[in-house]
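> Spelled out, the chains give:
2 protein chains.
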Amino acid sequence: MKLLAFLMQTGGHIAGWRHSRAADNALCDADYFRALGRTAEKGLFDGVFLADYLGYHPVRGASVFAGLETPKLDPLVVLATIAAETRHLGLIGTASTTYNHPYDLARRFASLDHMSRGRAGWNIVTSTMENEAHNYGFDSHLAHGDRYARAEEFVAVARKLWDSWQEGAVVADKASGRYTDPSRISAVDHEGTNFRVAGPLTVPRPPQGHPVLVQAGASATGQRFAAATAEVIFTSHPTIETAKAFRSAMHAQLAGFGRTPDGLKIMPAVTPVIGRTLAEAEDLKHELDDLIPAEIAISKLEGLLGNIDLSQADPDGPLPPLPETALAGQNSTRDRVLELAEREGLPVRELARRVAAGRTGHTIVGTAEDVAGTLIEWEKQGAADGFVISAPFLPGGLEDFVDHVVPILQDRGHFRREYEGATLRENLGLTVPVNAFDLDPGLRSRPEIW
Amino acid sequence: MKLLAFLMQTGGHIAGWRHSRAADNALCDADYFRALGRTAEKGLFDGVFLADYLGYHPVRGASVFAGLETPKLDPLVVLATIAAETRHLGLIGTASTTYNHPYDLARRFASLDHMSRGRAGWNIVTSTMENEAHNYGFDSHLAHGDRYARAEEFVAVARKLWDSWQEGAVVADKASGRYTDPSRISAVDHEGTNFRVAGPLTVPRPPQGHPVLVQAGASATGQRFAAATAEVIFTSHPTIETAKAFRSAMHAQLAGFGRTPDGLKIMPAVTPVIGRTLAEAEDLKHELDDLIPAEIAISKLEGLLGNIDLSQADPDGPLPPLPETALAGQNSTRDRVLELAEREGLPVRELARRVAAGRTGHTIVGTAEDVAGTLIEWEKQGAADGFVISAPFLPGGLEDFVDHVVPILQDRGHFRREYEGATLRENLGLTVPVNAFDLDPGLRSRPEIW
Numbered sequence: 001m002k003l004l005a006f007l008m009q010t011g012g013h014i015a016g017w018r019h020s021r022a023a024d025n026a027l028c029d030a031d032y033f034r035a036l037g038r039t040a041e042k043g044l045f046d047g048v049f050l051a052d053y054l055g056y057h058p059v060r061g062a063s064v065f066a067g068l069e070t071p072k073l074d075p076l077v078v079l080a081t082i083a084a085e086t087r088h089l090g091l092i093g094t095a096s097t098t099y100n101h102p103y104d105l106a107r108r109f110a111s112l113d114h115m116s117r118g119r120a121g122w123n124i125v126t127s128t129m130e131n132e133a134h135n136y137g138f139d140s141h142l143a144h145g146d147r148y149a150r151a152e153e154f155v156a157v158a159r160k161l162w163d164s165w166q167e168g169a170v171v172a173d174k175a176s177g178r179y180t181d182p183s184r185i186s187a188v189d190h191e192g193t194n195f196r197v198a199g200p201l202t203v204p205r206p207p208q209g210h211p212v213l214v215q216a217g218a219s220a221t222g223q224r225f226a227a228a229t230a231e232v233i234f235t236s237h238p239t240i241e242t243a244k245a246f247r248s249a250m251h252a253q254l255a256g257f258g259r260t261p262d263g264l265k266i267m268p269a270v271t272p273v274i275g276r277t278l279a280e281a282e283d284l285k286h287e288l289d290d291l292i293p294a295e296i297a298i299s300k301l302e303g304l305l306g307n308i309d310l311s312q313a314d315p316d317g318p319l320p321p322l323p324e325t326a327l328a329g330q331n332s333t334r335d336r337v338l339e340l341a342e343r344e345g346l347p348v349r350e351l352a353r354r355v356a357a358g359r360t361g362h363t364i365v366g367t368a369e370d371v372a373g374t375l376i377e378w379e380k381q382g383a384a385d386g387f388v389i390s391a392p393f394l395p396g397g398l399e400d401f402v403d404h405v406v407p408i409l410q411d412r413g414h415f416r417r418e419y420e421g422a423t424l425r426e427n428l429g430l431t432v433p434v435n436a437f438d439l440d441p442g443l444r445s446r447p448e449i450w
Numbered sequence: 001m002k003l004l005a006f007l008m009q010t011g012g013h014i015a016g017w018r019h020s021r022a023a024d025n026a027l028c029d030a031d032y033f034r035a036l037g038r039t040a041e042k043g044l045f046d047g048v049f050l051a052d053y054l055g056y057h058p059v060r061g062a063s064v065f066a067g068l069e070t071p072k073l074d075p076l077v078v079l080a081t082i083a084a085e086t087r088h089l090g091l092i093g094t095a096s097t098t099y100n101h102p103y104d105l106a107r108r109f110a111s112l113d114h115m116s117r118g119r120a121g122w123n124i125v126t127s128t129m130e131n132e133a134h135n136y137g138f139d140s141h142l143a144h145g146d147r148y149a150r151a152e153e154f155v156a157v158a159r160k161l162w163d164s165w166q167e168g169a170v171v172a173d174k175a176s177g178r179y180t181d182p183s184r185i186s187a188v189d190h191e192g193t194n195f196r197v198a199g200p201l202t203v204p205r206p207p208q209g210h211p212v213l214v215q216a217g218a219s220a221t222g223q224r225f226a227a228a229t230a231e232v233i234f235t236s237h238p239t240i241e242t243a244k245a246f247r248s249a250m251h252a253q254l255a256g257f258g259r260t261p262d263g264l265k266i267m268p269a270v271t272p273v274i275g276r277t278l279a280e281a282e283d284l285k286h287e288l289d290d291l292i293p294a295e296i297a298i299s300k301l302e303g304l305l306g307n308i309d310l311s312q313a314d315p316d317g318p319l320p321p322l323p324e325t326a327l328a329g330q331n332s333t334r335d336r337v338l339e340l341a342e343r344e345g346l347p348v349r350e351l352a353r354r355v356a357a358g359r360t361g362h363t364i365v366g367t368a369e370d371v372a373g374t375l376i377e378w379e380k381q382g383a384a385d386g387f388v389i390s391a392p393f394l395p396g397g398l399e400d401f402v403d404h405v406v407p408i409l410q411d412r413g414h415f416r417r418e419y420e421g422a423t424l425r426e427n428l429g430l431t432v433p434v435n436a437f438d439l440d441p442g443l444r445s446r447p448e449i450w
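From first to last, the protein sequence lines stand for chains B and H.
Residues in the first sequence are numbered consecutively from 1, following the numbering used here.
Residues in the second sequence are numbered consecutively from 1, following the numbering used here.
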């Protein structure tokens, strides 16, 4: 079983930060992130996972900020900080293909991979919120299809750049005075719809070849992109059935891209709410839910449904029909919420609390035995290759998982007792990608210069 | 006296990496950078300084690579690595205003400032080389004036973003459930020629208010930009006279921007070549110069003169007239080389060796006493507020400076015996900028939303 620790800003439960065992105002504090890294490494996690979002949710009214909008530092700077404190832990950071440039981002991830000796991972997102667009000079965000077309080209360019230094490119031979072997360094000369990039990168090929590529898009386009590209899928499923169906469907899509399931780890997010007894765990869940102010839950629901306005809706009535604008385009989060509302016939207030509470779509409330049992069951039934553990509050919830759940997973033979490899890729059981320039020397361009 | 350690990839001497006391193939190795950080902090340096360049020099012929083109990692990732190993050392990284976006870059520097508890500095460059443009989708680099106009607007946006969280913006009050105080967080609503940025940033105001702003442009436009913006100028002068004239001229320009010399530290770069005796230092200098292959020196000269072609020039003859294209536009490096060639009547081969050897424009060859004496003399005569020490090779050359020159500077009362402050800004004697939104609450926009 593979495990990642999701370091969601204020925990996997939206009000988790208010819990007594949550850190106090620590989101800009290096010591907080270092301690989380140490805890995850003590628990032999494959890696930590940082989400990201390049702005604030559009808000109507001040209260929405509370508990929702918190400081969000640049993931790569935070991961480099954690890297320095750890030796085996993988370091996965979210970065947008819509608001970055591939030369810069490929270089930053390659740098993190070198500085961590092969522990970097990139969670590829295309960004969906209007206010992110407004921070980058656009009136509105790119259409769904255009974002994914750009993402595909972006990743293709990044791969070429990572490959632009072949094995042996760095000579660093003091005797001969040769630092590099230019015959092992290639321009990439990419000319595409979105990018023109000459290359080579300024950084030798990363220790992992490429950083581990992670994806979370759940729409049809997102799934196709993941089938073509991702080595880890960070997904979200309320039930084992939907998780199994998703994993089967993803496996079926791999063949079309010449891939096999070996090369793809599907990892649903889980929020474990752990007590010494079931009753204690349930009490903890109620304690956490009671910490969510009602207006925040409804604002969160408004955001998830495409920034609709529910201020006129009866909190005890059913969800009113959504406006045309909110129904346009692919949006798997919105669709999941609508499906939940219809399936369970929830009034607005209750729907809001349900979708606001857990950020992962799947909360397990119970003892450490219960949590371990559920994870093992999901894995056995083919619903998952591992899990993204989104502790309801940090660091306490992660410590509980490491101290109580991990030993059970180990005792039952489902989790490592020591790291298998030196890199994230090795620990996840993923192979190093072949260098495209090794595979096809004809790709090397401008030989008259190089 | 203020001191920065320039961690030039292969040392301040172009062939320094070939020296026996230079690290072996370490430019992607976190341990190498950590050790350099520890050495600089042991020497009570104000900070380390990382140059950057977003591509490779255009080359003609493979040999040019050797010793010139080496791995260059993303400075912020490297600095975050050094930050984790140090407690007082400032962390100054170069980043381009031409090939970054202000929302992203402001956020990355703010993140580094938080993760290091107030030790970040940004060396603002506009990028000058064609091949950087080619990596970012442009046919050629922006014209000089356009680059600086963009840089000015870029810095203005970054400042607004850093100020977008006022003191007290983060509440993180578990009892009330308020994480932030929206009345202390502002949109920036920047609408300019180059950028439209809504804001706010996703990161609270950095511990230093703004990271320390560093600039090195030596052209008239660059000087004007520095007078308006810079808190540290990284400069380069072959003689004390030109350094004094430059410092006076810069001080004179400050008034036009409502500034005083207190707020600006002018720090020439120096390459100290240190021996136990003068003869030993001279031997070391010759040893280093002899490590430069002739064709590399000439290629370097070609690059500095605007990528001209000297393959047909007689190495023992004078520099041929430059083509029109190479003479166009402002380029202070080119002008300095031409001035040196004319002043000393050097043949091409010798000119090439001279400009290729030292990268700083000022090499001091002598004992630790000689080096300390020169630095003190420059400071006394008003030629400098401090120095950027570019050791000829790393780590050996930096260790020599720390072990032998620093104690003399201390004994003569010219250098600290312990750090004065907790932040880079405090150690440099610079004040925290006033928050623009504190100064003028009228700047706060969109009050109906926020």
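Think of the hints as simulated: they come from the structure by calculation, not from any bench.
Don't take each hint at face value.
Since the list gives no way to pick out one identical chain from another, each pair is judged satisfied if it fits inside one copy or across any two copies.
As a list, the in silico DSBU-like pairs of lysine-lysine whose alpha-carbon atoms are at most 35 Å apart [unchecked claim]: (1) K174 with K380; (2) K285 with K174; (3) K42 with K174; (4) K244 with K174.
Only a predicted model underlies this, so the values are computations on that prediction, with no experimental measurement involved.
> The structure should be examined with respect to each hint, and the outcome stated for every one.
These are the hints, each one checked on the structure:
1. In the homo-oligomer, the alpha carbons of K174 and K380 never lie at most 35 Å apart, since the shortest distance is 55 Å inside one protomer and 40 Å across protomers.
2. Within a single copy, K285 and K174 get their C-alpha atoms only as close as 63 Å, which misses the 35 Å cut-off; across copies the closest is 17 Å, which meets it.
3. Only between protomers do K42 and K174 lie at most 35 Å apart by alpha-carbon distance; the minimum there is 28 Å, versus 41 Å within a single protomer.
4. Neither within a single protomer nor between protomers do K244 and K174 lie at most 35 Å apart by alpha-carbon distance, with minima of 56 Å and 38 Å respectively.
In summary, the structure is inconsistent with hints 1, 4 from the numbered list given earlier, while agreeing with the others.
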